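*Asks:* Going down the list, the sequences are from chains C, A, G and W.
The first sequence runs contiguously to residue 409 in numbering that gives the first Met the number 0.
The second sequence runs contiguously to residue 239 in numbering that gives the first Met the number 0.
The third sequence runs contiguously to residue 346 in numbering that gives the first Met the number 0.
The fourth sequence runs contiguously to residue 256 in numbering that gives the first Met the number 0.
Careful: at least some of the hints might be erroneous.
[Said to hold, decoys possible] Listed next, the in silico DSS-like pairs over lysine-lysine satisfying Cα-Cα at most 30 Å (straight line):
1. C:LYS375 / C:LYS162
2. A:LYS77 / A:LYS212
3. C:LYS368 / W:LYS96
4. G:LYS339 / A:LYS131
5. C:LYS331 / C:LYS96
6. C:LYS96 / C:LYS395
7. A:LYS153 / G:LYS2
8. C:LYS216 / W:LYS96
9. A:LYS131 / G:LYS2
10. G:LYS230 / A:LYS77
11. W:LYS96 / C:LYS267
12. A:LYS91 / G:LYS230
13. C:LYS325 / C:LYS375
14. C:LYS216 / C:LYS240
[As the list claims (entries may be wrong)] With the C-beta cut set under 10 Å, the calculated list includes, among others, these residues of chain W facing chain C:
15. PRO30
16. GLN138
17. GLN141
18. TYR172
FYI, nobody ran anything at the bench for these hints, they're computed from the structure.
If you're wondering where the values come from, they're calculated on a predicted model, not measured in any experiment.
Ideal Cβ positions, reconstructed from N, Cα and C, are used throughout, including at glycine.
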Amino acid sequence: MKFRRSLLAFASALSVTALIGAAPASAASIKIGLLEDISGDLALLGKPKLNGSQLAVEEINKAGGIMGRQIELIHLDPQGDNARYQEFARRLVNKDKVDVLIGGITSASREAIRPIMNRTDTLYIYTNQYEGGVCDAGMISNGAVPEQQFSTMIPFMVEKFGKKVYVIAADYNFGQISAEWNRKIVKDLGGTVVGEEFIPLGVSQFAQTIQNIQKAKPDWILTINVGAAQDSFFEQAAAAKLNLPMGSSIKVMLGFEHKRFAPPALNKMHAVANWFEEIDTPEAEAFKKRWHAKFPNEMYINDMGYNAYTAVYQYKMLVEAAKSTKLADIRKVIATGKACVEAPEGQVCIDPKSQHTSHRMRLIAVDEKHAVKVLKDYGVIQPYWLSEIGCDLTKKNDKKQYTPTDLPKK
Amino acid sequence: MAEILQTAQVSKTFGGLAAVSDVDISVNEGEIHCLIGPNGAGKSTLFKLVIGTYLPSGGSISFRGENVTQRRPYERVKRGMSIKMQTPSVFKELPVRQNIHIALQHHIGRAALAREEERLLTLLELAPDATKPAGALSHGQQQWLEIGMALALKPALMLLDEPTAGMSPEETFRTGELIKQLNADGMTMLIVEHDMAFVRQIAQRVTVMHFGKVFARGAIGEILADPRVAEIYLGKTHEH
Amino acid sequence: MFKLLNGPQTLGNGRAFWICFFLVLIIALAYPFFADSYDVGNFAYFLIWVFMALGLCLMWGYGGMLSFGQTFFFGIAGYSYGVLAINLGGGGMTFVALGLAILLAALSALILGYFMIWGRVGGVFFGIVTLSATLVLAFFVGQTAGPEWRVGEARLNGYNGMKGMEPLNIPWFGGESIYFEGSSLYYLAIALILLVYLGLRVLLNSRFGNVIVAIREDPQRAELLGYDVRKYQLITFVIGSALAGLSGALYTSWGQFITPSSIGLPAAAMPIVWVAFSGRGDITATLIGTFLILVAFQTITVHSQQAALILMGAMLLATVMLAPQGFVIGVARSIGRLVKRRGQAPG
Amino acid sequence: MMGVINMAHGEFIMCGAYVTVGLVHGGLPLPLAQLCGVIAAGLVGVLVEMTIVRRFYKRPLDSLLATWGLSLVVTQGMLILVGSSLAGIGTPEGSFKVGEYSFSTYRLVLFGGAIAALAVIYFIFMRTRFGVHARATMQNPQMAQALGVKVGRVYAISFGIGAALAGFCGALYAPTMTLIPTMGATFIVESFVTVVVGGANVLLGTAPAGALLAIIRTSLNAWEGQIIGQIGMLIAVILIIRILPEGVSGFLTRRQR
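Starting from the given sequences, assemble the full structure and let the hints guide the process.
*Replies:* If you want it as structure tokens, here you go:
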């Protein structure tokens with residue numbers, strides 16, 4: 000009986016989505032195309048992103064839309080498959096003729112989308128914190144980047160815990176480039192990387208790694224392991240009483256490991272973030288209340304979901320200032336350097352040279368009961384690295400991704 | 000008469016067991032040569048050595064004057080051997096006609112192929128069943144089909160391993176007549192057989208194997224008259 | 000030559016079949032004139048994958064060799080196309096890159112195939128070895144993120160994928176280039192499909208086709224009819240794998256992008272799913288079925304959000320349980336039966 | 000073992016783990032919850048055998064498709080019904096030291112669990128009436144049927160035991176891992192490969208093969224890092240297939256003769 004009812008519900012849900020899909024979009028609406036995984040391995044992270052976008056769209060539409068035009072959100076689920084990202088990016092741009100494309104989780108999905116967007120004049124907004132370095136005029140990045148996260152956290156860790164660091168990183172571009180950043184910063188501080196271990200995605204057994212760490216005797220560990228399988232490291236390390244301080248650019252505010260694991264697995268974890276649910280400013284509190292009212296089952300509002308929310312407001316600001324949805328007009332607004340919005344974390348602005356976003360960064364630490372404390376407030380930090388190495392999108396569109404060991408040719 | 004096939008001290012051991020040891024046989028062009036002997040005498044093993052699915056542990060095999068000891072089976076077939084295995088092995092899921100076709104296409108051009116196909120199907124009395132999958136034929140028919148496939152290769156020497164196994168007496172007799180007819184048209188044949196009545200029907204020369212060795216050889220009359228042969232067959236050959 | 004288009008190895012030999020065939024072809028050729036340009040490009044994209052399925056159908060359905068490694072050759076050709084197109088420069092050289100990429104895929108098939116077939120690897124193990132090969136390649140490419148992994152100008156770029164190659168294009172009069180995207184890619188794909196499909200029909204109904212089905216049925220018997228089984232198996236494997244290579248190179252050209260996830264596990268299982276769903280016994284069924292399943296999966300994913308994977312799974316389950324020879328062959332057989340019954344009714 | 004390639008095996012692991020964690024959240028003590036997890040996985044296994052797998056004996060490739068379809072349905076179904084992740088339950092306390100390394104006590108439990116499972120399997124298949132029936136059925140179903148063995152039931156129970164083992168694995172690992180619906184997939188390559196290398200016999204094949212591969216992999220991990228470990232393992236598989244076509248069990252049984 001119950002089964003049947005859920006089948007019915009399922010069928011009606013199907014027909015509703017079909018109806019929505021078929022409903023003619025009013026000529027006046029602004030179409031936002033959204034690509035977020037809500038199936039597959041990354042559904043855990045994709046769902047809050049979808050929720051964030053939906054919340055922002057609902058709020059803006061209630062308040063009268065963008066320049067009086069309602070927003071129509073078209074979401075497709077690429078199921079974590081890069082080929083699907085490409086298919087759907089094309090579909091959204093060419094068939095649904097969206098005005099802006101938002102989304103993508105992994106760097107690979109972003110790189111899958113970029114070549115397609117480069118052949119159109121539609122804006123693309125990437126809403127994750129990532130390894131940094133993309134210099135592309137067609138893309139805005141609104142997540143935090145290494146100069147906002149590593150250049151703040153690593154000096155703190157070195158000063159507080161010591162100069163010997165051990166790195167465990169996911170063995171793909173994000174982990175490897177993040178490790179490059181760490182190497183450079185630690186070296187500048189006079190510290191040493193006593194061990195670096197790259198772990199293939201999907202690995203979930205860490206006995207050997209834990210022994211290696213014990214042998215190397217580091218002062219602290221940089222954990223940039225990725226994905227649910229690799230997160231098993233924390234419980235296994237806690238069970239082996241490793242008990243070392245840890246730092247990361249993705250733990251706590253992104254993966255909310257302190258909510259998913261039983262204490263004290265995440266004890267002594269440190270991270271620098273533009274958003275985490277424990278921020279308690281009035282703006283943040285109001286935002287959290289709205290979110291939980293709409294999505295009461297959400298375990299944690301992570302920074303990705305928050306960024307996805309903010310991205311829609313940033314887009315609204317850009318279109319209203321440009322009085323146009325055309326990429327060229329929007330880029331004129333960005334070039335003024337005054338493309339700012341008041342977000343729940345505080346004011347965020349888009350940097351004209353790199354089209355990345357400034358953030359107010361805070362250093363947080365997790366205690367043995369998994370409570371999160373703010374240890375330090377860095378204030379607003381600009382995304383300065385790309386412009387330092389010579390990326391200037393106001394003059395030249397490189398369409399490339401740079402890393403500390405792969406700099407633009409002078 | 001020219002020898003078409005000759006084995007010289009061919010042996011095959013499995014583990015420590017000698018299945019065939021130091022066997023010399025020769026087959027003359029144009030004859031029907033029967034290989035007989037009790038179960039386990041090594042007849043089928045010898046056949047596999049001749050066609051090449053086993054490589055001998057010692058000795059050599061020559062065919063049409065060429066040493067083929069180390070040749071792979073398909074190379075021996077290309078040089079003019081063909082075989083019908085002990086248990087019928089036809090392409091069970093393919094139609095009867097295609098079975099013949101696959102064997103024929105080897106050396107016959109497209110133009111003549113259809114005619115030859117019909118001729119063989121008629122000869123083998125399989126024409127009415129030509130579109131059936133080979134696996135649907137009766138056991139006896141499958142044997143005939145396999146003989147037909149071996150024949151389709153236009154071989155210089157046909158090796159038939161128990162061509163009448165599982166056949167009714169009537170089918171066995173007709174198979175014997177078919178073999179005699181083919182021989183009359185010039186085909187050389189080496190045949191392993193149990194059924195002594197059948198051997199008597201067709202054989203010209205006979206080699207008897209026992210415990211992996213050649214036990215006796217000679218014209219069919221001599222062999223049948225040899226009391227030692229009768230002995231190893233435990234009286235089986237004493238017909239009246 | 001044309002006689003060989005029909006024969007025992009392919010379904011659909013009657014006049015009715017060829018009339019349908021030409022009708023479908025005409026509709027396909029006319030399609031871009033009345034369809035949305037996006038849909039045309041999307042169809043072209045589906046067609047790109049069909050080559051890989053046809054190759055697998057040849058190896059598995061006809062030759063009895065289940066290769067789990069179509070993505071291995073897909074990846075080799077896909078990455079080769081990228082590396083070559085970047086290094087040779089764009090323009091007409093992209094077609095040289097396409098040709099060389101397929102050649103490289105065929106060459107690696109020759110080596111891997113030689114190793115397996117001469118090593119008497121058969122049955123399930125054939126699948127396992129090819130699967131291992133494709134996984135090894137995926138792991139290997141996945142860890143090439145560093146700048147040291149470059150071939151000439153082309154960076155492999157690890158898990159994030161290689162990009163920056165030009166799509167297939169030829170210089171045209173007046174300095175303009177024709178880029179194979181959208182409808183021009185569609186026509187290129189249709190032309191290639193036509194070529195490959197008819198070519199495979201001829202191949203399968205020829206001497207060669209007879210031999211490979213014979214080998215599938217009973218390799219020993221085939222050898223005893225005088226065929227060098229290993230050689231025929233190797234040729235089949237190389238042709239099938241080269242077709243996967245064609246898919247790979249076209250895919251890279253289509254998206255100007257390729258990642259190791261096109262080589263790794265879920266991707267490696269897809270061709271098998273398509274071919275098994277369609278009916279591995281026949282190339283026409285594989286052609287139609289693969290196209291249909293690609294369209295269906297995409298449509299489901301677009302319209303049903305989170306339920307998509309459930310629907311796809313249920314579809315697979317239902318197919319294997321209700322139509323064991325494959326969906327398309329099952330449907331074709333029942334149509335055939337229906338037509339026959341009609342034909343007999345008056346008589 | 001039964002001519003079926005089960006792509007949904009990982010989902011039994013997930014089943015065991017989810018039931019365990021769910022019950023611990025519901026207030027049950029861990030060992031009891033683990034037992035329930037094993038039983039649940041076993042029962043689901045029997046159910047799956049009777050409704051789906053039963054039709055696919057001797058059609059291994061179709062079984063691959065069917066179970067893959069099943070795995071998609073189950074994984075995504077769990078995602079929708081239960082959500083994208085379950086909160087963890089923490090690894091039981093306790094650790095011990097060997098030289099300068101400290102290990103979690105729970106690892107010993109894992110090790111002991113694996114040995115115990117092998118012992119139970121050995122007992123069931125070698126010492127019970129059911130075991131005799133099962134082995135007879137695997138070797139020659141027609142003959143077993145003729146001798147009065149209820150072949151269908153034997154298959155269902157054997158499959159259920161396989162599923163229960165997977166569930167056991169999930170239940171044991173549950174406290175040390177993040178639970179997500181796709182967790183089964185992380186095991187699939189390894190278990191697939193282990194079975195292939197091992198050959199048809201669980202005790203003589205799979206266990207030594209598992210040990211062999213684990214040794215190859217761990218030593219390569221320690222030596223050159225995880226990626227080489229993974230590649231090395233796959234290359235070892237290719238070589239083993241080349242050298243021992245019947246798998247490790249074929250090799251060992253030949254030795255015995």
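*Asks:* Against each hint, give a clear statement of whether it holds in the structure.
*Replies:* Hints and how they fare:
1. Simply put, LYS375 of chain C and LYS162 of chain C have alpha-carbon atoms about 20 Å apart, close enough for the 30 Å limit, and the pair holds.
2. Proximity of LYS77 of chain A to LYS212 of chain A is assessed by CA-CA distance (about 29 Å); at most 30 Å being required, the pair is judged to hold.
3. A threshold of 30 Å between alpha carbons decides the hint, and for LYS368 of chain C with LYS96 of chain W the separation of about 25 Å falls inside it, so the pair holds.
4. Annotation: proposed proximity of LYS339 of chain G to LYS131 of chain A holds, straight-line Cα distance about 18 Å (limit 30 Å).
5. At roughly 22 Å between alpha-carbon atoms, LYS331 of chain C and LYS96 of chain C fall within 30 Å of each other, so this suggested pair holds.
6. Restraint check for LYS96 of chain C and LYS395 of chain C: satisfied, since their Cα atoms lie roughly 27 Å apart, inside the 30 Å limit.
7. Note on LYS153 of chain A and LYS2 of chain G: the hinted pairing holds, with a Cα-Cα distance of about 26 Å set against a maximum of 30 Å.
8. For the hint linking LYS216 of chain C to LYS96 of chain W, the alpha-carbon distance of about 15 Å falls within 30 Å, and the restraint holds.
9. For a cut-off of 30 Å, the pair hint linking LYS131 of chain A to LYS2 of chain G stands: about 23 Å separates their Cα positions.
10. With a CA separation close to 15 Å, the supplied pair LYS230 of chain G and LYS77 of chain A stays within the 30 Å bound.
11. This hinted pair checks out: LYS96 of chain W and LYS267 of chain C have alpha carbons roughly 22 Å apart, not beyond 30 Å.
12. The straight-line distance between the Cα atoms of LYS91 of chain A and LYS230 of chain G is roughly 23 Å, inside the 30 Å bound, and the hint therefore holds.
13. For a cut-off of 30 Å, the pair hint linking LYS325 of chain C to LYS375 of chain C is broken: about 40 Å separates their Cα positions.
14. For the suggested pair LYS216 of chain C and LYS240 of chain C, the alpha carbons sit about 14 Å apart, so the restraint of at most 30 Å is met.
15. Taken as an interface hint, PRO30 of chain W does not check out: its beta carbon lies about 16 Å from the nearest beta carbon of chain C, beyond 10 Å.
16. Interface restraint check: GLN138 of chain W against chain C, minimum CB-CB distance 36 Å, threshold 10 Å, status violated.
17. At its closest, the beta carbon of GLN141 of chain W sits 38 Å from a beta carbon of chain C; the interface hint therefore is violated under the 10 Å criterion.
18. A hinted interface residue such as TYR172 of chain W counts as satisfied when its beta carbon comes closer than 10 Å to some beta carbon of chain C; here the least separation is about 8 Å, so the hint holds.
The structure does not agree with the numbered hints 13, 15, 16, 17 stated previously, though it agrees with the rest.
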